[in-house]
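Next come the chains, spelled out residue by residue.
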Amino acid sequence: MAKRIDVSGLSAFYGNHKAIDDISMSVEPRSVTAFIGPSGCGKSTFLRTLNRMHEVTPGGRVEGKVLLDDEDLYGPGVDPVAVRRTVGMVFQRPNPFPTMSIFDNVAAGLRLNGTTKKSDLTDIVEKSLKGANLWNEVKDRLNKPGSGLSGGQQQRLCIARAIAVAPQVLLMDEPCSALDPISTLAVEDLIGELKERFTIVIVTHNMQQAARVSDRTAFFNLSAVGQPGTLVEIDDTERIFSNPSVQATEDYISGRFG
Amino acid sequence: MSDVMTERQALADRPGGTSVPVSLKQARLPRWTPAALALASAAVGCGIGLAAGLDSRVQWGLIAALLFVVGTFVLSAAVEGARQAKDRLATGLVWIAFLLAVIPLASLLWETVARGSKVLDGYFLSHSMGTLPDALPGGGIYHAIIGTLEQVGLATLIAAPLGLFTAIYLVEYGRGRLAKAVTFFVDVMTGIPSIVAGLFVLSIWILILGFGPSGFAGAMALAILMVPVVVRSTEEMLKLVPNELREASLALGVPKWRTILKVVLPTSIGGITTGVMLAVARIAGETAPVMLLVWGAKTINTNPFQDAQQSLPLYVFQQWQQGSEASYDRAWAAALVLIAFVMILNLVARGIARWKAPRGGRS
Ligand SMILES: Nc1ncnc2c1ncn2[C@@H]1O[C@H](COP(=O)(O)OP(=O)(O)O)[C@@H](O)[C@H]1O
Ligand SMILES: [Mg+2]
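Residue numbers (this note's numbering), protein chains in the order written: chain A, 1 to 258; chain B, 1 to 363.
Honestly, the hints are just simulated from the structure, not real lab data. Predicted, not measured: the structure shown is a model, and the values here were computed from it. Warning: the hint list may mix true and false statements.
The calculated DSSO-like cross-link candidates involving lysine-lysine, where the alpha carbons are at most 30 Å apart (straight line), are [unchecked claim]:
1. K256(B) - K3(A)
2. K144(A) - K180(B)
3. K256(B) - K18(A)
4. K18(A) - K180(B)
5. K356(B) - K117(A)
6. K25(B) - K118(B)
7. K117(A) - K262(B)
8. K86(B) - K118(A)
9. K239(B) - K144(A)
10. K262(B) - K139(A)
11. K65(A) - K256(B)
Some chain B residues flagged as far from chain A (calculated, every beta-carbon gap over 12 Å) [what the hints assert, rightly or not]:
12. G49
13. G81
14. K86
15. W110
16. I146
17. I158
18. F185
19. P193
20. L265
21. Q322
22. M343
We put the CB at the ideal spot given by N, CA and C, even for glycine.
Could you put the whole structure together from the sequences, leaning on the hints where they help?
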């Protein structure tokens, strides 16, 4: 059920400001692709073009193509709501719905897909929480508010919420940057398991994390502040971290800038 | 200030407290000094006032306040040093400002309770004026309570959804020209005097369309006054909902309207209800539009769509105008009921806000 992503000639704008310029790449199904690069080079922006969340921002506009298997996300007649059900997203800061219980948080996305039978919901919620390695910690307090969990638990709750609607692709924007090392480890382990079922794209500022969890790594850069970000190279993670083909990548990874 | 002091005491009470370097310690006035000074300056203020033959209690109070501020400053400067003295000066001024704000409020409440409770009883609440001549004691406000409840209820039924949807439009959908125009008109509406809202409905509903006076006509004018208040407060509440929550919901493939319905509104419903309740409290005391459009009545009329009705503020006004001892008493009692009504609404609003508030952080 995981799908392949092919991006070609993609640029994204905030009003008149071009944030990313002419990006083309492929993301393999059932793999983890990491995006690295200095702040402001457009990693988040690019990630959000992959599930049409970019246009939610006022003034947000996209040019180019994103093919999911063979379907263009930006083709005529494509419903952004349907796209987002297929391509799920986990955000930088854990953001469980504050008015909902843990159970309702995970069930939130399902309820609108027409799954309202309590037994179906219970099944999927349990499966998703198990999938997010959270079940054992919360199974006795499913009716408590989700905001009562620790930061790491909240982030796994958000992952459970995202996988509950059975997407094909999972986008993660710095999912561990607000977490302590132990919670980070839990989420990284989880990513390793989830890639059996989903295509995963993860933005990270942590080189070790990119090296640990990803199969392929894409390096983004921008020529100067205010200029649009561009894709420098994408390659197997091992190669990027040992023997990249572009000098800028090596400089960035070895900490010589950025 | 007192925090510093308790902290210091806590330090001194601790077994290791003695190890605090002497240089950090400083002479302090005892805790009861401000209270003692306040009492003393009040006494001296009254004394001076009496001796100088000033009749106005306000002058006594001002003298006492001045004495208190100057006395505290001088004493503190002598014992504790300049910095503490300034701190106490500022604290003293804040307290006096607080008292100045509270005194009128408390005296208003006191006056209304003292005068209003004279005739306020079960009979007063459950009977109308009927054919009772105004100069005689007796009668009641049942018809006015019914009228106020119905008019305010109808106004809320019109204004709350209208205001809510307008605010949702402005915050969630509004971009460009139309949103700017709507915002502008809401701002203008906020400033409409209530008598003008009344005249507006009067000219259309009664003069042009030819309907008679009714509670509903009054409710329309009250709704005009209520809408901008509801829009403003709801807008503020919706803006408080973090964008991350909207995005989290949209990213799950939830359509925008459902996101608003299931995520945005539940998160802000406490604040929105509070805003609506406060708007209700605000219009419950309006007299002018009611006078123009509902006319007032002496008997019970439970149908807000037909014929004149009474309302509490209008009743107060009319009874006061009668100018007899008995009608003064009734006016105060009705005013007390009106205040109680508004206070209960406020309390309910606070209760709902607290009950519905999303549990912030860890619970
Ligand atoms: N909501 C926004 N409105 C306008 N410009 C934005 C917005 N979000 C990001 N940008 C701009 O887009 C560029 C890329 O930002 P972003 O995608 O957040 O970078 P990254 O995630 O790599 O740090 C930056 O120049 C930033 O200023
Ligand atoms: Mg980012």
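These are the hints, each one checked on the structure:
Between K256(B) and K3(A), the direct Cα distance comes to roughly 26 Å. Compliance with the 30 Å bound is thereby established for this hinted pair. Taking the CA atoms of K144(A) and K180(B), the gap is near 42 Å; set against the 30 Å cutoff, the hint is violated. For the hint pairing K256(B) with K18(A), the CA-to-CA distance comes to about 26 Å; that is within 30 Å, so the pair holds. The hinted pair formed by K18(A) and K180(B) meets the criterion: a straight-line CA distance of about 27 Å does not exceed 30 Å.
For the hint pairing K356(B) with K117(A), the CA-to-CA distance comes to about 27 Å; that is within 30 Å, so the pair holds. Restraint check: the Cα-Cα separation between K25(B) and K118(B) comes to about 58 Å, which exceeds 30 Å; the hinted pair is violated. Annotation: proposed proximity of K117(A) to K262(B) holds, straight-line Cα distance about 18 Å (limit 30 Å). Under the criterion of a C-alpha separation no larger than 30 Å, the hint pairing K86(B) with K118(A) is inconsistent with the structure, at around 65 Å.
For the hint pairing K239(B) with K144(A), the CA-to-CA distance comes to about 26 Å; that is within 30 Å, so the pair holds. The suggested pairing of K262(B) with K139(A) holds, with an alpha-carbon distance near 24 Å, which does not exceed 30 Å. The suggested pairing of K65(A) with K256(B) holds, with an alpha-carbon distance near 24 Å, which does not exceed 30 Å. Its beta-carbon lying about 57 Å from the closest one in chain A, G49(B) satisfies the requirement of being farther than 12 Å from that chain.
Against chain A, the non-interface label of G81(B) holds: every CB pair exceeds 12 Å, the least being about 46 Å. Every beta carbon of chain A lies more than 12 Å from that of K86(B), the smallest distance being close to 42 Å; the non-interface claim holds. Look at W110(B): its CB is around 42 Å from the nearest CB on chain A, clear of 12 Å, so calling it non-interface holds up. Here I146(B) stays apart from chain A, with its beta-carbon at least about 37 Å from theirs, past the 12 Å limit.
Look at I158(B): its CB is around 28 Å from the nearest CB on chain A, clear of 12 Å, so calling it non-interface holds up. At roughly 22 Å, the least C-beta separation between F185(B) and chain A is larger than 12 Å, which holds for a residue marked as non-interface. Non-interface call for P193(B) relative to chain A: holds, since the shortest CB-CB distance, roughly 37 Å, exceeds 12 Å. Its closest Cβ contact with chain A, about 9 Å, brings L265(B) to no more than 12 Å, contrary to its assignment away from the interface.
For Q322(B), the requirement that its beta carbon stay farther than 12 Å from each beta carbon of chain A is met, with the minimum near 52 Å. Its beta-carbon lying about 29 Å from the closest one in chain A, M343(B) satisfies the requirement of being farther than 12 Å from that chain.
Checked against the numbered hints above, the structure violates hints 2, 6, 8 and 20; every other hint is satisfied.
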